[in-house]
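Chemist: For reference, the chains in residue letters:
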Amino acid sequence: MTATESVAETEATPDVHEHPSDWAYVKIAAILAVITGLEVSTYYVSIGKVLIPSLLVMMALKFWIVITWFMHLRFDGKIFKQLFLGGLFLAGVVFVVTLSTFQFWAS
Amino acid sequence: MRKMSRRTSILGLSVLLGLVLSGCANNAELDTLKPKGPTSREINTLSNWVFIAGGVILLMVIIAVIYIGFRFHTGKPEDDDSYPPQIHGNSVLEIGWTILPAMIMTVIAVGTLITHISVNSTEANAMEIQVEGTTQSWEPTVVVVGQQWWWEYRYYLSSNITASDLKGISAKDLPPADIVTSGQMVVPAGQEIELIVTSRDVIHSHWIPALNGKRDAVPGRYSPWKIEADNPGVYFGQCTEFCGLSHARMRMQVVAVTDNDFQDWIDTQMQPAAVPAGAEELVAAYRSDGSATLPDDASAAARGVEAFISNCTSCHLINGVNDLSYTGANQVSGAAPDLTHLASRTTFAGALLNLYNADGSFNRDDLSAWLRNPAALKDNASTDPIPRGMPNLGLSENTMSDLVAYLSTLGPKPTLQQIQQTQVN
Amino acid sequence: MAIVEKPLSIGTSEPVLADRPLGVLTRPKGGNGWRDWLSTVDHKKIGIMYGVAAMFFFVVGGSEALLIRSQLAVPNGQVLSADPYNQVYTMHGLTMVFLFVMPLAAAFANYLIPLQIGARDVAFPRLNALSFWIWISGAIFLNSTWLVGGGGADCGWFCYSPNSGVVFSPSHGVDFYAIGLLILGIASLVSAVNLITTVINMRAPGMSWFRVPVFTWMMLVTQFLLLFALPVITVALFFLMFDRLFGSQFFNPDTGADPLLWQHLFWIFGHPEVYIVVLPVFGIFSEIIPTFSRKPLFGYSFVVFSGIAIGFMGWGVWAHHMFVSGIGPVSVAAFSLSTMFIAVPTGVKILNWIATMWGGKIWFATPMLFSVGAVTMFTIGGVSGVTHSLAPVDTQQTDTYYIVAHFHYVMFGAGALGLLGACYFWWPKIFGHMLNERLGKVHFWLATIGMNLTFGPMHILGLQGMSRRIDTYSSGFGFALWNAVATIGAFTIATSLLVFFYNIWKSKKDAPNLPDPGPDPWDARSLEWMLPSPTPEHNFDEVPEINGLDEWWHRKYGYDDDGNVVRIATVEEAAQKGDATNVHLPSPSFWPLVVAIGMPLIGYGLIFNLWLAVPGGLATAGALFAWALEPADDPDAHHGGSHDDHEAPALTGADTNEES
Amino acid sequence: MATATAPAVATGGHEEHRTATGMSNTKLAMWIFLGSECLLFGGLISSYLLYKTRGSGLPVPTDVFDIPFTSVSSFVLLMSSMTMVLALSALRRGDEALSRVWTLATAMLGGVFIGGQVYEFTTFLREGLGFTTNPASSAFFTLTGFHGVHVALGITMLMSTFVMSSKGKLHQEQSETLEIVGLYWHFVDVVWIVLFTVVYLVPA
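Chains as they are written, first to last, in this note's numbering: chain A, 1 to 107; chain B, 1 to 425; chain C, 1 to 660; chain D, 1 to 204.
Derived from the structure by calculation, the hints contain no laboratory data. Fair warning: there could be bad hints in the mix.
[What the hints assert, rightly or not] Lysine-lysine pairs mimicking DSS-like chemistry, simulated, CA-CA at most 30 Å apart:
#  : chain 1 : residue 1 : chain 2 : residue 2
1  : D       : LYS27     : A       : LYS78
2  : B       : LYS172    : D       : LYS167
3  : B       : LYS167    : C       : LYS577
4  : C       : LYS441    : C       : LYS361
5  : B       : LYS76     : C       : LYS577
6  : C       : LYS361    : C       : LYS45
7  : D       : LYS52     : A       : LYS49
8  : C       : LYS45     : D       : LYS27
9  : D       : LYS52     : A       : LYS27
10 : D       : LYS27     : D       : LYS167
11 : C       : LYS441    : C       : LYS509
12 : B       : LYS167    : D       : LYS52
13 : C       : LYS509    : B       : LYS76
14 : C       : LYS508    : C       : LYS577
15 : C       : LYS441    : B       : LYS76
16 : C       : LYS506    : C       : LYS441
17 : C       : LYS509    : B       : LYS167
18 : C       : LYS508    : B       : LYS76
19 : C       : LYS45     : C       : LYS441
20 : B       : LYS167    : A       : LYS49
21 : A       : LYS81     : D       : LYS27
[Stated by the list, open to error] Simulated coverage check for chain B against chain C, where a stretch passes if three residues somewhere in it have a Cβ under 8 Å from a Cβ of chain C:
#  : region
22 : 56–65
23 : 91–100
24 : 113–121
25 : 214–228
26 : 246–258
27 : 268–281
28 : 304–311
Beta carbons: idealized from backbone N, C-alpha and C, even for Gly.
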C-alpha cells in the first residue's frame, strides 16, 4: 500500500512479512499437542519435586508458541508485542506480590 | 503577587499556630503528638524529624515560588516579541535534583526501617501474677476483639496465648478466657502488653494514640500489636476503620495501673458476680434448671436479677448467674459485653457513656436511658433479622429501675480518681 | 470484539460504498440541534459534553461535601444522623472521583489530544461516543440509588468487605456501587483503548515521541494506568456483586474468605487511580506554566520520563493503604520503601515547573495563577504524603483527618484547581471567547483561600486524633475550633464556584462586545492554538508537518543571529484559516447511545428483577450488531454543512504525506 | 494535488491510512485490549489460587476434578487455535470457501469446549460443589465462568464472520477483520493454557 510505505520515514515498521505455510501451522499444533500430552502424563506418572517447575515450563512454552506463531507476534510490529507483554508482565509482578503478602508461597 | 505572598505567609503562620495550639488544647485525649509510652514516643521522634525535613523543603519550595513570582513577574506582555532566553533544560541540574531527593529519601528510609523493626518487635517481659492463689509467670497479652460497635478484651492468665495458637479459629469460637471485659482495657503500667487483634464481624481498627499507632481488627486474622504506658493513667481511643453505622461511637480506653493495683484487679475480676441478697435461691434454681420465686420483700437489686434472667440472658453473660447456660449472644457478631463486673468499669455502651457521674455517684440516668431506647443514644441496626447492637427491649420503667439497681451492684466501685480520669462526654 | 471500527477515512478519492444500515435508525446526518449532540462522534463535542456533565456532578458532589461539613461544624452535630451521613460521605467520594475529576480530565483529553497531535479525530470516533454515553449512563445509574436503591451506598468509596456484604449493608446502595462502578469502568476502558491507539497511531507527520506535548504525554500515561488498573477493580466488583446478589463466598470470613483480598484488589486499582487523577493535571501545568513564563518547559524529557516513572512506580505502592491491616512487617517495610521513592519523580516535576518560571517573563493571568497555586498545593500534599509513607508514622496518621487533608490537597488543591485553571486556559479555544479575567482572579483567590481553610486545619485535626468517616465527635476531644474553620472554608469554596458559574454566564453575555480572542490569545505553544477559535468541526485545514517540540510557537518565532527570539510570523499568518471544505468527517451514529442505554437496564435487572435485564441486554447486544453492520462512513451523509465528501479532496497533506 | 490520487483508503480491509506507526488502528486497539485482559485474568487466577484450599469443611474444586475429561476439552480448545490460524491463512490466499470451513470448525470446537464446561459444571454441582459452597468454589466457577464467557463471545464473533463471508462480504482484502477475531480467539486459548496447568494440573 503506497500510503503505508510512504510514511515509513516516521517510526513506521511496514506490516509486511511472510506468513508461515499451513503445513507449518499443523506442525506447530502437533508440537502443542505433544506438550499437552506430556503435561497430562504428569498426572499419572509421579515425578516428584520437579513436578510444578516442569508444569510451569511446559505451560510457558505453549503460551509462547501460541502468541509468537498463531498470534503472529513473531512477524508483526514490535509495538504489539510490547503492549501485550507489558500487560502480561505487570499482571505477573503485581499478583505474585499480592500472593506473597498472603504468605501464599509458604504453604 | 503581593497578595499571594501575604496569603501564603498567613497560611504558613496559621498552620504553625495551629500546631502550637493543638499542642496546648485541653482534653485533647487522642492527640498523636503527645506520646505516653515508648512505642508512641519512637514513632513521634521519627515523625518529628520528617515533619521538620518536610517543613523545610516545603518552605523552600514556597519561598522559591514567591521569589520567582516577584522577580520575574512582568504582567501581560504588551510587546509580543520580547522573549527571555529560551532555556530548554540543564542535564546536570536535572540529575542533581533527581539524586538529591533520592538521597534524602534514603536517609529517611533508614530511619523508618529502624523504627519499623523496633515497633514490630516484642520483648520477653513475663511478670509474676497470682491467679486464684497460684503464682503464674505471665507474658502480658490481651486478645482484642472488635465488633459492632464495642471492643472486648480477653485475658488468658493461665496460659501465654499467642496469635499462632488462635490461627484457624473463628473469633466467634475463642477459647474461654479468665477475664473478659469491654470498653476498658486494664493493664499494668510500665509493661509491654502484647495485643492480638481480631474481629467478630467487620473490620475495625484499635487505636490508642498516646500509646501506639493503630492496628486493624480483621475477621479471620489475629494481628499482633503492642502497647505500653509509661505511667498509670487513662488513655483514650477510637475505632478508626469505618465499621458501619456507629463507627463514630465505637470508643475505648486503656486504664494503666500499678502492678499491685493490677493484681487487685485480677483478684476481683476472677470472682463470679456477687448475687444480691434475696436472689440467692432464684439464681441457684436458675442454674439447676429448677424454679424459684423472689420473696415479696425482695430488694430492687434482687428483682433486677429476675429481670436480667428473663430479658438479658439471650445476649449477655454474668458469671455466677447464666454462665452455665450461656452459648453466645443472639447478635450477628455472636457476642455482647460480659456484664459480670460491669460496675467495676466506668463506661458502657462502647466507652461512649459514663457509668458513674463525676462526683462518683452511679449514673442511673444514662443507664436507664440506654435501657429505655439504646438507638436514641447510639445508632444501631437492632431491627435486622439478627440484631447488630443493643435492641430496644420495650422494658417497663419498673423493670428498668430494678435492672439498674442490680447492674450497679456488679463489681467493686472504682476509685473516684479513676472515675474522674475516665469521664467521657 | 465484534465492533471492528474502520479508522477514519479522510479525503478518500473513492469512498467505500457499504450497504445501508439496518432499517431501525437511519444513519443520522448531523447538524440538527439536540439530535446532533446525541449522535455526534466529534471528539470536541464529546469533550464538551464530558465537561458539562462533570461540572454538574461537581455541584452534586460539592453539595454532599457541604452537608458533611455542616454536620461536622460543631460537636454532636444534628444536621445528618449516622446513616445518611455514611451515605453522603460515600457518594461524595464516588462522585468527586468518578463523576467529576476523571470526566473533567477526560473532557480535556478528548478535546485536546487530537488537536495536540494534529489529528482529525480520535482513532475510533464512535467508540469515543460510546465511552461518553456509557459513562453518563453509569453516572446516572450510580446516583439513581438515592431514588430507587433505598439511599446511597454506605460503605465508603473503598467499600471494605465484609462491611459491604448484605448482612452489614442491607440496602441496595452497595449493589448500585458495584454495578455503577462496573459500568463506569467499561466507559473508561473503552476510552483508554481508544486514546492510546490515537496517540500511538494518529500523530501528525513528523511528530515523533519527543515532540508530543506534555499534556498528551501525561494523558497517555493516565490511559495506560486506566487500561491496566480497571480490570483489577472489575474483578473485585464482580466478586462483590456475586457475593451480594448470588450468595458467593468471596468475602465471607465465616467460610474462610480473607477480607484483605478485597483490599488488595481495590488498592491495586485505587492507587494508580490517584495518579489517574493527578497526571492529567501535571500535563496541564506543563502546558500553562511555559506559556505564561514565555519559556519552553524546563527539562521536557525529564518531565516526560518522570511522568512515565510515576506511572510505573504507581503499580508498586498500593499496599501503603494497608500498613495497619496486618499484612505483616516485611510487606509493610517493602511497600513503605517503594512509596518513599515515588517522591523522587514527583519532586523532579515540581522543580522543573519552578525552573521553567525562573528567568521567564511571567504573566499571572488566571490560568497561570491556578497552575502556580495548584503546584504549591500539590507540594503541600506531596510533603504530607511523604510523612505517611513512613510506615510507623502512618500507623498514627492513617484513617485520620490528616489523610483527608493530604489527599484533598492532591485531589482538590492540585487536581480540581488545576482542571479549573485549564478551563480558563482553553475556554477561548473551545467557545471562542475569553472568560472574564477579573472574575477569574476572584474565583482563584476564593477557591485557594477556601481550600486552605477547609483542608489545612484537617492536618491539625488528624494529628489531634480525629478519625475519618466519623459522623460526629464529642466536645471533649478539642476538635471543635478547627472543624468550624474547615466548614467556613468549605462554604468559601462553594462561593468561589458560584463566582465561576457567574463568570461563565457573564463572559458569554459580554463576548459579542469584546474583541475576538483570535486563535492564540495567550501566545501559546502547542498545535491547538494554530486553529481558529472555536475549533472548526474538521480541526485542521491541512495536517501540519511537525518539525519540533512546541511546533506552533516555532511557527511564530525564530532566533536572530545573536540567539534572541524574533517574531517570524504573526498569528494571522501562521494560523490555519479553518475554511477548508470537502473534508470527509466520520458520520454520526445513534448506536453508541443505544448500547449505553441498555447497560443501566441490565444493572437494574440484576438488582431488582432479572426480567428487567432482558430489554437492556437486547438493546445493548442488538445495538452492537447494528453498529458492526453500519458502514463506518455513510456515503450519503453531508458533514459539517458545506463539506461534501463526494468531491475530490481539496486538501494537501490532509491524510497522506506531501511527498506521496 | 498529489493526494487526490493516493489511495488513502484502499478498497476495504487493508485500510492502510497514514498512521504514525504504519500499524492498523484496529489491530493495535485489539492488542492494547488484550494487554488489559491479562490483568483481568491475573486477578481472577490469583484470587482462585489464594482460595483454592479454603473449603470450610466442604469439597473444594481440586477434590472433584476429572483430569482426563478436562484434558480432552483442553486439547479441543488448543486445536481450535490451529483451525483458526488456518482459516485466516486461507482467507489471505483468497480461498474464501476453505476459510469458511475452518472458521466454522473453530466455532464448533469452541462449542464443544463450552459443552464440556457445562457438563463439568453440572457434574461438580451433583457432587456437592456449587457456586456458593465456599470461597474455593466461588473463585473456581467465577474464573472458569469468565473464561467460558470469553469463549462464547469468541464463538459469536466467529459466527458473525462466517455469516459475513457467506454473504460475500468478507474477502481477501478484509482479512484483517478475521485476523483480529483470531487474535481474540488465540488469547482465549492461551488463557486456558494457563488455567489448565495452574488450576487443574498443579496439585493442591
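Chemist: Work down the list of hints and note, for each, if the structure agrees.
Modeler: Here is how each hint holds up against the structure:
1. D:LYS27 - A:LYS78: Given that 30 Å is the threshold and the Cα spacing comes to 13 Å, the pair holds.
2. B:LYS172 - D:LYS167: Given that 30 Å is the threshold and the Cα spacing comes to 66 Å, the pair is violated.
3. B:LYS167 - C:LYS577: At roughly 74 Å apart (the allowed maximum being 30 Å), LYS577 of chain C and LYS167 of chain B break the hint.
4. C:LYS441 - C:LYS361: Given that 30 Å is the threshold and the Cα spacing comes to 19 Å, the pair holds.
5. B:LYS76 - C:LYS577: 26 Å, holds
6. C:LYS361 - C:LYS45: Judged against 30 Å, a Cα distance of about 35 Å means the pair is violated.
7. D:LYS52 - A:LYS49: Cα-Cα ~21 Å, so holds.
8. C:LYS45 - D:LYS27: Cα-Cα ~27 Å, so holds.
9. D:LYS52 - A:LYS27: 36 Å, violated
10. D:LYS27 - D:LYS167: Holds - the C-alpha atoms of LYS167 of chain D and LYS27 of chain D are around 24 Å apart, at most 30 Å.
11. C:LYS441 - C:LYS509: 19 Å, holds
12. B:LYS167 - D:LYS52: Holds, at about 18 Å.
13. C:LYS509 - B:LYS76: Between LYS509 of chain C and LYS76 of chain B the Cα gap is close to 24 Å, so the pair holds against 30 Å.
14. C:LYS508 - C:LYS577: 23 Å, holds
15. C:LYS441 - B:LYS76: 14 Å, holds
16. C:LYS506 - C:LYS441: 15 Å, holds
17. C:LYS509 - B:LYS167: It is violated: about 70 Å lies between the C-alpha atoms, which goes past 30 Å.
18. C:LYS508 - B:LYS76: The given pair, whose Cα atoms are some 23 Å apart, holds under the 30 Å limit.
19. C:LYS45 - C:LYS441: With a Cα-Cα distance of about 28 Å, the restraint between LYS45 of chain C and LYS441 of chain C holds, given a limit of 30 Å.
20. B:LYS167 - A:LYS49: 28 Å, holds
21. A:LYS81 - D:LYS27: 12 Å, holds
22. 56–65: holds (count 6)
23. 91–100: holds (count 4)
24. 113–121: holds (count 6)
25. 214–228: holds (count 8)
26. 246–258: holds (count 4)
27. 268–281: violated (count 0)
28. 304–311: violated (count 0)
Comparing the model with each numbered hint stated earlier shows that hints 2, 3, 6, 9, 17, 27, 28 do not hold.
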